[in-house]
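J.: Quick mapping for you: the protein sequence lines, in order, are chains A and B.
Heads up: the first sequence runs through residues 2 to 325, numbered per the numbering used here.
Heads up: the second sequence runs through residues 250 to 733, numbered per the numbering used here.
If you're looking for bench data, these hints aren't it; they were derived computationally from the structure.
We treat Cβ as the ideally placed atom computed from N, Cα and C, and that holds for glycine.
Some hints could be false.
Chain A regions said to be covered by chain B (calculated; three or more residues, Cβ under 8 Å) [said to hold, decoys possible]: (1) 6-15; (2) 74-88; (3) 154-166; (4) 169-175.
Pair ranges (Cβ atoms, derived) [said to hold, decoys possible]: (5) A:S183 / B:T630: 43 to 51 Å; (6) A:T225 / B:V334: 39 to 47 Å; (7) A:E229 / B:S346: 33 to 41 Å.
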Amino acid sequence: MSIKAFLVKLLFYSVLVYLINLGIGEFFKNDNSKKTQLGIFYPETRWNEFYSLPEKSLDLVFLGSSLCYRGINPELVDSLTHLKSFNLGSSIQSLTTTYFVFEELLNHQHPKVIYLDLFTRTLNLEDQLESVRYNYEFMNSGEAKDNLYLSGLNFTEKIQFLFPAFYKRDQLNSIFKYAFKSIDTSKISDKYYKKGFVKSSKRMSTASLNLKLNGLTKFDWTPTERTEIHLKYLQKIIDRCKDENIKLILSSTPIPKSFYKIIELEQFEKTIQDISRKNNLEFINYNKTGLPLNDTLHFKDHHLNQYGARILSTKIAEQINNSK
Amino acid sequence: MLFNSVEFPIFLLVVLFTYWLIPKKWFQWQNALILGASYFFYGWWNWQFLALIFFSSATDFIVANKLGKTTKDKTRTLLIWTSLVVNLGILVYFKYSNFFIESFVDLMQTVGLNFNFASLNIILPVGISFYTFQTLSYTIDVYRGDMEPSKNPINFFAYVSFFPQLVAGPIERASDLVPQFEKARKFNTELGADGLRQIIWGLFKKVLIADNLAPIVEKVFDGYETMPPIILFIGVTLFSIQIYCDFSGYSDIAIGTARLFGFELNQNFRFPFFSKNVTEFWRRWHISLSNWLRDYLFIPLSIQFRSLGIKGIILAMMLTFILCGLWHGARWTFIVFGFWQGVILTYEFLSAKKRGKIKKRMNKNLYNAISLILTFVFWKTSMILFRADNLHHAWAYFSSLISFDLFQFSMKDILAVMDPLDLLKFLIFIPFMLLMEILQREKLHGLEITNYKWYTKLILYSIIAISILLFTPIESADFIYFQF
Numbered sequence: 002m003s004i005k006a007f008l009v010k011l012l013f014y015s016v017l018v019y020l021i022n023l024g025i026g027e028f029f030k031n032d033n034s035k036k037t038q039l040g041i042f043y044p045e046t047r048w049n050e051f052y053s054l055p056e057k058s059l060d061l062v063f064l065g066s067s068l069c070y071r072g073i074n075p076e077l078v079d080s081l082t083h084l085k086s087f088n089l090g091s092s093i094q095s096l097t098t099t100y101f102v103f104e105e106l107l108n109h110q111h112p113k114v115i116y117l118d119l120f121t122r123t124l125n126l127e128d129q130l131e132s133v134r135y136n137y138e139f140m141n142s143g144e145a146k147d148n149l150y151l152s153g154l155n156f157t158e159k160i161q162f163l164f165p166a167f168y169k170r171d172q173l174n175s176i177f178k179y180a181f182k183s184i185d186t187s188k189i190s191d192k193y194y195k196k197g198f199v200k201s202s203k204r205m206s207t208a209s210l211n212l213k214l215n216g217l218t219k220f221d222w223t224p225t226e227r228t229e230i231h232l233k234y235l236q237k238i239i240d241r242c243k244d245e246n247i248k249l250i251l252s253s254t255p256i257p258k259s260f261y262k263i264i265e266l267e268q269f270e271k272t273i274q275d276i277s278r279k280n281n282l283e284f285i286n287y288n289k290t291g292l293p294l295n296d297t298l299h300f301k302d303h304h305l306n307q308y309g310a311r312i313l314s315t316k317i318a319e320q321i322n323n324s325k
Numbered sequence: 250m251l252f253n254s255v256e257f258p259i260f261l262l263v264v265l266f267t268y269w270l271i272p273k274k275w276f277q278w279q280n281a282l283i284l285g286a287s288y289f290f291y292g293w294w295n296w297q298f299l300a301l302i303f304f305s306s307a308t309d310f311i312v313a314n315k316l317g318k319t320t321k322d323k324t325r326t327l328l329i330w331t332s333l334v335v336n337l338g339i340l341v342y343f344k345y346s347n348f349f350i351e352s353f354v355d356l357m358q359t360v361g362l363n364f365n366f367a368s369l370n371i372i373l374p375v376g377i378s379f380y381t382f383q384t385l386s387y388t389i390d391v392y393r394g395d396m397e398p399s400k401n402p403i404n405f406f407a408y409v410s411f412f413p414q415l416v417a418g419p420i421e422r423a424s425d426l427v428p429q430f431e432k433a434r435k436f437n438t439e440l441g442a443d444g445l446r447q448i449i450w451g452l453f454k455k456v457l458i459a460d461n462l463a464p465i466v467e468k469v470f471d472g473y474e475t476m477p478p479i480i481l482f483i484g485v486t487l488f489s490i491q492i493y494c495d496f497s498g499y500s501d502i503a504i505g506t507a508r509l510f511g512f513e514l515n516q517n518f519r520f521p522f523f524s525k526n527v528t529e530f531w532r533r534w535h536i537s538l539s540n541w542l543r544d545y546l547f548i549p550l551s552i553q554f555r556s557l558g559i560k561g562i563i564l565a566m567m568l569t570f571i572l573c574g575l576w577h578g579a580r581w582t583f584i585v586f587g588f589w590q591g592v593i594l595t596y597e598f599l600s601a602k603k604r605g606k607i608k609k610r611m612n613k614n615l616y617n618a619i620s621l622i623l624t625f626v627f628w629k630t631s632m633i634l635f636r637a638d639n640l641h642h643a644w645a646y647f648s649s650l651i652s653f654d655l656f657q658f659s660m661k662d663i664l665a666v667m668d669p670l671d672l673l674k675f676l677i678f679i680p681f682m683l684l685m686e687i688l689q690r691e692k693l694h695g696l697e698i699t700n701y702k703w704y705t706k707l708i709l710y711s712i713i714a715i716s717i718l719l720f721t722p723i724e725s726a727d728f729i730y731f732q733f
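Produce the entire structure from the sequences given, and follow the hints as far as they go.
T.: Right, dumping it as structure tokens:
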């Protein structure tokens with residue numbers, strides 16, 4: 002076999018595999034679309050709803066991870082404060098991703114206040130792909146979306162992002178789970194509600210929470226190589242908010258008390274406190290504001306369910322009203 | 250840098266492209282490129298330990314060249330001891346210091362003396378056991394007069410650090426590999442194509458089987474106290490498959506990568522699960538280590554103990570396998586693992602005639618089938634020692650496994666340690682791997698399918714490549730043999 006024939010064959014195989022990979026990517030996309038219709042996959046609905054809002058109509062926006070979009074119900078906040086708010090939290094939202102979501106937010110809205118909800122993983126998440134994928138596909142084309150890919154991912158992740166069959170492969174588990182049975186919508190306990198909020202009706206027992214405690218080291222506060230980068234983006238958010246005259250409040254939604262026993266959060270909280278002090282920002286740590294929460298107000302390990310979210314959202318609304 | 254990382258294919262493409270752009274007559278520049286690329290490859294993990302490889306290579310290059318120039322016995326002995334002390338000294342310091350200190354403290358405590366030695370904070374340099382043995386074989390061969398010393402330091406340094414096999418073998422003899430560095434190489438499309446196939450086969454075993462099995466095996470070995478015997482049985486069976494796919498997968502990627510550069514490395518695994526006795530198993534498992542131990546340890550020891558007759562051979566065998574166990578890691582479990590191998594090999598050595606008679610009386614296929622199963626069961630039992638954290642863990646696992654409940658099979662128990670998708674993956678990938686290895690048992694690797702129809706090849710390559718994309722575990726695991 003000549004070198005030319007060898008290279009042609011190699012190219013042919015590579016192109017073929019790449020095309021199959023793109024086909025699988027489309028399959029995953031369709032699967033997400035089905036889940037979006039059922040209300041159990043949220044990013045697309047959230048971004049669509051956001052883009053449908055009139056320009057510069059929001060007063061208050063919540064940014065953060067799943068803790069944020071499950072814990073803060075903008076509709077309840079709005080009804081108590083008479084403001085217009087939206088929750089732009091997304092799954093595993095790191096601070097790097099938050100920055101580009103924030104850029105896109107400012108392309109369409111100019112809120113007076115932004116609540117930036119922080120958790121250990123928003124500061125020490127290493128795998129940016131996980132974080133980017135829940136936004137990139139659903140954001141409108143433009144500079145913020147381009148920058149999310151170009152600056153939000155490192156070189157390796159940029160390559161991986163070209164292979165949807167690879168980076169979306171964790172979807173296979175749920176696809177397989179529902180391959181032989183249809184999803185019983187009446188049994189779905191958490192669904193997209195509105196304004197970015199995801200309502201979870203399921204309650205978690207203390208016993209089942211305790212069962213989960215063993216596998217939760219990933220939530221521990223250990224700065225990673227990426228922490229510096231995430232903190233750099235946090236500073237950029239702070240600076241831009243100052244430039245745009247937007248009040249930025251740093252917050253931390255509550256996690257179950259039983260988790261607090263095993264996760265060393267002090268260092269994380271100290272880091273945020275130092276940043277807020279240095280930049281003259283308010284940091285509200287809802288773990289320490291005496292909210293009447295217990296384990297049954299949580300859902301899926303550390304997230305708040307709709308009952309817990311009601312308590313937190315009411316508290317936020319109360320604080321906003323007090324500061325008016 | 251890991252073979253199963255995203256960085257590796259990019260690194261490989263850049264180095265390979267540059268390498269073949271260099272004209273054939275300037276092959277020394279190709280060697281220099283390999284040397285630079287290998288140091289970069291290793292430095293990606295920890296650049297500080299490059300000094301160690303450099304020091305080891307430099308010592309053996311100088312020692313071998315001096316050995317080539319002198320005929321004085323005293324000087325030659327001094328030189329070979331220099332090489333042995335330097336190389337083994339580095340290995341012992343980095344790999345065994347803490348083990349010896351801790352074992353000494355434990356021993357003293359058993360006789361009532363309390364010593365308070367703090368463990369040394371030593372990081373084990375990846376691949377140290379592999380490149381130390383490789384470079385040692387060179388000086389010993391030169392000392393024995395089996396090969397001429399290499400005159401060119403770049404060729405020799407490139408041989409020691411050759412990145413495809415630097416961190417986990419195969420342990421290449423200088424007499425096999427150095428001559429390949431000393432002549433021009435031409436890109437051979439057949440060799441290159443088969444190298445690529447071998448890389449894909451290695452990735453299939455490593456990523457799709459070993460890495461997917463790793464968390465399940467870990468779950469079983471960590472929570473063995475609460476697991477039913479059948480799950481412990483499945484756990485150790487899966488570990489046997491995991492370690493085979495992990496290590497032979499690495500070897501396939503290493504050999505395949507070397508072939509892309511025009512080098513031929515030695516086969517490191519020859520389908521060991523089809524062995525009919527343990528002696529044969531060790532001829533098929535980690536062949537480069539078995540051969541090294543045979544030539545540089547067992548044979549010299551046998552000669553040393555020849556006055557003892559058969560007892561001398563047994564002694565040499567036991568010592569070789571205990572050291573083989575210790576080579577794998579600084580733990581008592583590995584020493585007992587080696588000892589256990591030695592015991593069985595001694596049994597096989599002593600009972601060879603008797604077993605030959607039984608074989609003649611029995612149906613050949615039945616005898617072979619029983620031998621095959623017994624060998625695998627023996628290997629599996631040894632794997633408990635290999636995987637356990639300590640001897641207590643190994644014994645507790647083993648004694649929990651031996652129970653009448655072993656035959657109580659429940660799907661619920663299995664689904665408690667793996668989800669249905671995992672189960673489906675294993676039910677497809679493991680039999681497929683075994684089937685391909687049976688079909689290809691006379692070939693170099695499981696995917697050497699040059700005689701298949703083009704469309705069969707196309708389908709197989711596509712399925713494997715897509716499966717690698719789809720089923721790579723989210724948490725990728727290191728190669729097990731990196732820790733050795």
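J.: Each of the hints needs a verdict: does it hold here or not?
T.: Structure-based check of all given hints:
Counting residues of the stretch 6-15 of chain A whose beta carbon lies closer than 8 Å to any beta carbon of chain B gives 5, which meets the minimum of three for the stated coverage. Restraint check on the stretch 74-88 of chain A versus chain B: 0 residues with Cβ-Cβ distances below 8 Å, three needed, restraint violated. Requiring three or more residues with a Cβ within less than 8 Å of a Cβ of chain B, the coverage given for the stretch 154-166 of chain A holds, as 5 such residues are present. Taking a C-beta to C-beta cut-off of 8 Å, the stretch 169-175 of chain A contributes 4 residues in contact with chain B, enough for the three needed, and the coverage statement holds.
In this structure the hint that S183 (chain A) and T630 (chain B) lie 43 to 51 Å apart at CB holds, the actual value being about 46 Å. Restraint check, T225 (chain A) to V334 (chain B): a C-beta distance of roughly 41 Å satisfies the suggested window 39 to 47 Å. At roughly 35 Å, the beta-carbon separation of E229 (chain A) and S346 (chain B) lies within the given 33 to 41 Å, and the hint holds.
Hint 2 from the list above is the single one not met by this structure.
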